[in-house]
Amino acid sequence: MELLTKLEELVLLTVLRLKEDAYGRTIYEEILKATEKKMSVGNVYFPLERLTQKGYLYAFKGEPTRKRGGMGKRYYRITERGIEILKETFKVNNYMWDNFSILLDSIDRSAR
Amino acid sequence: MKILSKLSDRISRFVLDSEKHYGYYGDIKEIYFDMAKETGKYSALYWYWKQVIKILPSFIVTKIFRSTSMFKIYIKITIRNIGKHRGISIINILGLSLGMAVCILLTMWVFDEFNYNKFHENHDRLYRVTELSYSGNSQEVLTGTVAPLGPVLKKDFPEIADYTRYQPQGSVLISYEGKKFYENSVIAANNSLFKLFSFPFVIGDINNVLLSPNSVVINENTAKKYFGDSDPIGKIIRVNNKYDFIVEGVFRNIGSNSDIQFNIVLAWDYLESIYPRIQWNNHVYTNYVLLAENADEEETERKIKNVINDHYPSSRFDVFLQPLSDVHLRSNFGGGFSNETYVYFVLIIAVFVLLLACINFMNISTACALYRYKEIGMRKVCGGRRKDIIFQFLNESLLFSFISFIIAILIVLLVLPVFNNFTEKQLILNLINDWMYFGGLLVITFFIGIITGSYPALYFSSFKPLNILKGIQLSGVKNKNFSRILVMFQFAGSIILISGTFTVFSQLDYMMNADLGWDREQLLYINMRGDTNKTYDLMKSELSKNPGIISISGGLRKPSYGAYGTGYKINWTGKDPDYKPSIAYNSVDFNYIETVGLKLVKGRSFSKDFPSDTLRAYVINESLAELIGADQIIGADFTVWDVPGKIIGVVKDFHYYSLRSEIGPMVLRCQYRSWLRYIILKISPENISSTTEFINDTWEKFNPDYPLVYGFVNDDFSIMYREYKKMGKMVEYASIIAVFIACLGLIGLVSFRIEKKKKEIGIRKAIGASTASISQYLTREFIRLISTACAIAIPIAYYTFGLWLDNFPYRTEPGIGLFVISGLSAMLIALFSVSFQVIKAARANPVDSLRYE
Chain A
40 MELLTKLEEL VLLTVLRLKE DAYGRTIYEE ILKATEKKMS VGNVYFPLER LTQKGYLYAF
100 KGEPTRKRGG MGKRYYRITE RGIEILKETF KVNNYMWDNF SILLDSIDRS AR
Chain B
1410 MKILSKLSDR ISRFVLDSEK HYGYYGDIKE IYFDMAKETG KYSALYWYWK QVIKILPSFI
1470 VTKIFRSTSM FKIYIKITIR NIGKHRGISI INILGLSLGM AVCILLTMWV FDEFNYNKFH
1530 ENHDRLYRVT ELSYSGNSQE VLTGTVAPLG PVLKKDFPEI ADYTRYQPQG SVLISYEGKK
1590 FYENSVIAAN NSLFKLFSFP FVIGDINNVL LSPNSVVINE NTAKKYFGDS DPIGKIIRVN
1650 NKYDFIVEGV FRNIGSNSDI QFNIVLAWDY LESIYPRIQW NNHVYTNYVL LAENADEEET
1710 ERKIKNVIND HYPSSRFDVF LQPLSDVHLR SNFGGGFSNE TYVYFVLIIA VFVLLLACIN
1770 FMNISTACAL YRYKEIGMRK VCGGRRKDII FQFLNESLLF SFISFIIAIL IVLLVLPVFN
1830 NFTEKQLILN LINDWMYFGG LLVITFFIGI ITGSYPALYF SSFKPLNILK GIQLSGVKNK
1890 NFSRILVMFQ FAGSIILISG TFTVFSQLDY MMNADLGWDR EQLLYINMRG DTNKTYDLMK
1950 SELSKNPGII SISGGLRKPS YGAYGTGYKI NWTGKDPDYK PSIAYNSVDF NYIETVGLKL
2010 VKGRSFSKDF PSDTLRAYVI NESLAELIGA DQIIGADFTV WDVPGKIIGV VKDFHYYSLR
2070 SEIGPMVLRC QYRSWLRYII LKISPENISS TTEFINDTWE KFNPDYPLVY GFVNDDFSIM
2130 YREYKKMGKM VEYASIIAVF IACLGLIGLV SFRIEKKKKE IGIRKAIGAS TASISQYLTR
2190 EFIRLISTAC AIAIPIAYYT FGLWLDNFPY RTEPGIGLFV ISGLSAMLIA LFSVSFQVIK
2250 AARANPVDSL RYE
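One line per chain: the protein sequences are A and B, in this order. At position 35 of the first sequence (counting the first as 1) the number is 74 in the working numbering, and the numbers step up by one without a gap. At position 652 of the second sequence (counting the first as 1) the number is 2061 in the working numbering, and the numbers step up by one without a gap.
Note that these hints are calculated values from the structure, not bench results. Note that the structure is a prediction, hence the values are computed from the model and not measured. Even glycine gets a Cβ: it sits at the ideal position worked out from N, Cα and C. Any given hint could be a false lead.
Stated by the list, open to error - Examples of chain B residues toward chain A, derived with CB under 10 Å: (1) 1455; (2) 1456; (3) 1459.
Chain B with its partners taken away, still in its complex shape:
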């Protein structure tokens, strides 16, 4: 009872101010006593507690009212303080805003990555069908599957509610009334594509499209491109100069957060007319299935595992399902880091940058607050409670935090278009749609304010006011070490990022400039679409008349993407019959090896002098020769695609894909005409434009229906490594920002220390030290600091980026020198940024600092 009484006392005291409490509490106690006598203890007690509780709502009103009047005062003081130390306050706020802005941008990117493919209504029941192939003792995951898989799965397994299948058609020539373009985003799909996936239509009946073999649907951009503003429905477009299709619908452009991208969809049945798709051994189609509502994923997988093996017993392909939600981030079946890892990495960087900015902010605020210790002393003497001082600091840092937040948002809005361009996304910061994200950011800003304010708050409020007024300097040993460790930590982080940038760019440089084993200078390729390869011989003889063209050859693939998957039905003398190796192959013209510049190490190249070369000759690379392991490799038997022949030559290993892939065994065969898809030309470096003009004219003469598409192999390479360029740029920007923030931190620390040492410097100068020696003395401490940072950061960076480089079969060796350079550059930048303050302090007139002794 006594306890309860005390509790009610506390509550009343808490809610009301002292006078009100005095009267109120007494009154209800009095009434309680009388009531207890009259109506009994318990009903009186009940009334009593009701009274206590009923005053609680007013607490909200009075407390807020009281705090807001205090707020006004604190805000005024804060603004006055900012005015007094304008420079450093601005730098401080900017530093925090920058850190916040970077964090916001990066987290937006991260959220976008996690939200790929989530806009489909059925997304949690959609699965991509994938195959696990066994050959010999190796396994390979294929995302390209066989065509009959989809319908068979739907028919034979009740767990599969529906399926859709599609195949990208590569580059397709679309013509409509004189407009001819090669479209690269064309797929052929069956009509359930739009049932499984949520790609909304603008016009057309989404349920009744793609049912007939000449149906096509296009996206908004394509409609605009070919038909302008007129109605596309019912219009007829021609594909590859051969097939006519009727436009049956227009769908909305697909946003960037979808892995399934296409502009034009041809009806699946069109493929059937070219050749039938019931084959079980052509793994180039994409199948997606919709699982029935109560189906269990694992159970279903178990059941469907052997579908292919049952229908096509001579192969071994297991079927399994990849959830749609994994497709974007976890498709790293070939090993190496998944996209998911990269995304988490970016997230870590985002948090890291924010952390740096906050630590920095805390440091500088504390340093700044030192100037105001006198004010705090006064305040304490006048009766300021410790609570109030803490409150004031918190207020100040909260205010700073929110101002920084607003500036950060402005920065983000400003930079967003550039960022979007750079990352090829369409990120939008929208207050209404993303209110949850925004609210989260506000909460985080609030916490940042509180946490960064608490450190100086607690530190300063614990002073004895007497000491302060007497002018006794603060020793703050603990503070010194803490700040130093913080700055060191920041610099270590920056050094890691700088070395990261160097590593990525040096690897990029290596990949772009590495020796490929063939000559890619002035190498041009022409894509022979449709049946233009019929004109190959004529083109070749006509083109060779031009002196600017040094050599002409042809191939199935262009040199920068110079191999076609795995050859089948491979055999050689002494090969283990169960061993089914993956051997790359390319079908080429006679003088391919010379034109492209491959290096022959044994035997001879294909030649017109040996007409049987077109049927029975194979040139292989060193890796394949090693694999076969015959003593006399030239003249050895070799079979691919069940065509027996003899090996006539061995070329040095060369890169037929990007340097991202390892060189494997490869065979070249000299098949003629119908297998060639590219004309490959070596042209002279002089007068390139007139040469290309000549090529254009020649092409048009022989192939008027097909626009010329050609490219330079060198250009291909810049595009190939685009992803790494992007990554490099990202790390570069991150490191610039990190260095900036770290320098801010250092500046803060420096001002702090210099301020404390003012008298010491004054004395030194008075004794006769020069400006230079004082500068040296001051900076010595910081050099030591940064060196320690280097010592920590360099091994970490070396190890981490070594791991990253291990991803690449062909890589630079960065050597420790690269990392040391990062450390040194950080050091230089740091010294530069503190130089102003140090020199100013060193040149100060000792009279000023010693005046009041």
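Isolated chain A (complex conformation):
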């Protein structure tokens, strides 16, 4: 199974978290909040599109509104494949981050 890039992983998780509310803007703001990094919308957008292309997300159009200058929202939802890969990623992460705090302690001690 393929590994997701960090950003892709974050994006995918955010979509899962936001459920119905997941579209470009909300995903972007959520990731800004989580990483506290000043990225541009494009930075989030391209992974979104890549994930859609790969089939982990599916996208559909929403109703146009005035606010958006006549464009509708593009909503993203997670797919079956998307859920699968998240489970895989979770397994990998779990393995790596297992006993993280204990690892940290052991380093502190030996450095002294």
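Please arrange chain B on chain A, whose structure you already have, making use of the hints.
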């Protein structure tokens, strides 16, 4: 604000595809609105535009990605099309490659010509010193200057930083341990030669050579010739059997892009030992100066102008400077076209040939594309945008263009050694060194692709697909005329080139075979080097014993180069004392006139019966007689070199130089022995080899130290006009290629027209026309075309080549017939090349073309 909003919309739409754009653009707008409410309009705006700009880099990625996937499809289609029309595609590509190859070769030649002498480090500050001489009311530019000029210029003028001077030594006998050769590329120079000019050394100390009078430096080839692989430094070579020189250094062979050429350099001081060089009236040395870094050229010239006149008041020579960069191309002081003009001419030809090839290519592509109009119609119906069709055509022509380019490079690489041989250059096509040139070529290829593709592209993409599918034929009236004009233009060009070839060769023929005023058949000359002329009398009596030798005489110069510059101190009765004419002279033996075959018109020739002939007799030519204008020319007083004498005879004007020079006034004097440098022999045409053997043996008997050097005057003439032979060949090849390309164009046009007329031909045949009459009908149109081309080309060619011929004081009169023949030959070739297609069409079965009516 609205405008800006629209702009950002456009940008986003442009970069992203429609779906992405839909979401993205909306998102950033939404965020902008909220942000504007919270943090203020301007910071929000700033963020907004940052977002818009940040997506731009991805444009490169996505656009290229998208185009490459389209490329693959187009390439496949293009290859399939080439396969379908293999013959004509190959001819088309070959035509373009040929045109490109020729253009590349010629431009390489042109660049080489412009880059002569540029390899010297100081090249922008180096100047050749030249003199302007005034005599009477004529001016003459001399590139040979006086010896003291260099050092005096350096000493007296701070603007002159340094100087160097040298003199070619003509033919010099070099001996080393049994190896004896006459070297013809020997100069004597002072040691600053290598300081001013950048001729790198292989071994030896470049700063400390040529300081002593017996120092010599040689080039790599000479070192190899005399010393093989052993170290030449310190070895002693003997010059002219008299002087010994020590080899102090070896320099790299000088490349062909240098006007200053030499193999061996003797120290300048060696010349001093022969006789001193402080004279101000012997203008046979070459002086170069290096201008100081901040010196102004014009200012310096102004200052040095009267240097010679100041030191030698009885003459009038102005000194001026010729920049090194002008030496190769602009040394045409004697009038006539400069090399620079010729070079530009070649450049024009190069561009012209390329243009022809491109026009041709365009024509045939368009004709070919006609077959595919159905495909285009289909494509439009299926939603192909006009842009895509244009794109496809462009792609196709770009591909063709690059393939042709690659083939052209291959052709160039193949032909280069022959070309180099022919032009006596050392041109190399190197990807790394000439990357700029190469890059330029690639760019030009690209543009050729675009331009040649745009014509069919624009033309075809504007069709209404409905018309095409219905099968309505294209009228294309505009196209018809345009193509015809193009082909006509090409043929006119070819005709001009063909007549050029004829002109050059006929002039060459004329020069080689013209009556020189003397008899050059079986005329042999022997060069008497060193002091071998002491043996002249003995040689003469010994040689006359051989029946194969008809007549023996001697002269200062050989007959094909039969005069020595300007005589000085000339005077005759009634001559204007201020008038200082340029009179050629030759010192000869008694029977020179008879041996060489000059024609006496008045008086008598030199003769042994009149011993005073050696001191007081002059024979002059008709031009000089006219100049003097005395009623009784025989017996008139005449003085040259301050030696008074009487004119005893007048000879008919004869060519003492090549036919490139006008015959001027000339005087012959009968000076004896020490002035003779050549033995001139008239030999019988039978048993030439045994005669020459006898001559060789006799020479060796009397002059064992000097190898025999002799030549036939006739051979000299072939060498003399070598430059014109080269030129002729070049124009010949150019015209062959031009004709080839023009014929290609014609073939293209013909296929086009025949295709359109297929039904018409079918109907004619069905009614009962014969193959012959149809062929005639088809070709009539083209004959008219080519005749118009002739009508345009012939006057242009006549005028242009007339101008070129005016350069020659002695020339053929080509007559309009020559040009008409060029036109006719073009016509014949054209008819031949289209004959296949015409006959094929005329013989076609009408059933095939009318089947679907």
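> Would the hint on residue 1456 (chain B) stand, with a C-beta cut-off of 10 Å toward chain A?
Replying inline: OK, holds: residue 1456 (chain B) within 10 Å of chain A, min 9 Å.
> If you take the shortest Cβ to Cβ gap from residue 1459 (chain B) to chain A, is it below 10 Å?
Replying inline: Result: holds, 7 Å to nearest chain A Cβ.
> Does the nearest C-beta of chain A fall within a distance shorter than 10 Å of the C-beta of residue 1455 (chain B)?
Replying inline: 12 Å, violated
This entry does not satisfy hint 1, going by the numbered hints stated previously; all others are met.
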